[in-house]
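End of the sequence shown sits at 188 in my numbering; the numbers just go up one at a time, nothing left out.
Errors might be hidden in some of the hints.
[What the hints assert, rightly or not] Derived BS3-like pairs: lysine-lysine, alpha-carbon spacing no greater than 27 Å straight-line:
hint	residue 1	residue 2
1	K8	K68
2	K24	K50
3	K93	K8
4	K39	K82
Worth flagging that the hints you see were computed from the coordinates, not collected in a lab.
The structure presented is a predicted model; accordingly, all values stated were derived computationally and were not measured.
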Amino acid sequence: MNEIIYIKNMVCPRCISAVSNILKQLEISYASIKLGEVKLVSTLNANTKKELSEALQNSGFSLIDDRKSQLIEQMKTLVVEKIHHSNDETDLKWADIISGELNLDYKYLSSLFSSVESITFEQYIINQKIERIKELIVYDELTLSEIAFQLHYSSVAYLSNQFKKVTGMTPSNFKKSTNQNRKSLDEI
Numbered sequence: 001m002n003e004i005i006y007i008k009n010m011v012c013p014r015c016i017s018a019v020s021n022i023l024k025q026l027e028i029s030y031a032s033i034k035l036g037e038v039k040l041v042s043t044l045n046a047n048t049k050k051e052l053s054e055a056l057q058n059s060g061f062s063l064i065d066d067r068k069s070q071l072i073e074q075m076k077t078l079v080v081e082k083i084h085h086s087n088d089e090t091d092l093k094w095a096d097i098i099s100g101e102l103n104l105d106y107k108y109l110s111s112l113f114s115s116v117e118s119i120t121f122e123q124y125i126i127n128q129k130i131e132r133i134k135e136l137i138v139y140d141e142l143t144l145s146e147i148a149f150q151l152h153y154s155s156v157a158y159l160s161n162q163f164k165k166v167t168g169m170t171p172s173n174f175k176k177s178t179n180q181n182r183k184s185l186d187e188i
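Given only the sequences and the hints, what does the whole structure look like? Please build it.
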């Protein structure tokens, strides 16, 4: 019987590798692994689950046991995947993506997110997009127009206004700045 476990703070391919290594060290067989989620081959006993929890915590991850926390982590994972790890050219409709993936009403999920995370789900998405913009500006491979297009902004002006509202500086000021303070994805 397959068991699915949810893991907090898995935000990149290196996290998948790190969790995979932990599972191998503990000799826990799994069918698949992706950001925030591992499908195990069999159910874990209490001792093994405790060992796994401790090993994950030592590496900056944690098991998520309650359903509401699992839903919130799944929402975060979907946002990170779409913004940071996808080159999807279609316009993103977050309500459709989230409710479609989790098979729950978007208003419920958005309200749940706000009640637990102390920011709105929409603000979380904006914060993730701003961090991605910072990353792309630092890489200096794309124009601001290309960044706006890639992140589904309607215009460069809209991107710039949102960037300034969140960071306090324009994208060009950020690019010139010596203090390009970026946050890791699990801190957002």
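*Taking only the CA atoms, is the gap from K39 to K82 under or equal to 27 Å?*
holds, 21 Å
_Pairwise hint evaluation, K8 against K93, where the allowed Cα distance is 27 Å at most_ = holds, 24 Å
_K24 and K50 were given as a pair; does the straight-line alpha-carbon distance stay at or below 27 Å?_
holds, 15 Å
_Run the distance test for K8 versus K68: straight-line Cα separation, threshold 27 Å._
holds, 13 Å
This entry satisfies every hint, going by the numbered hints stated previously.
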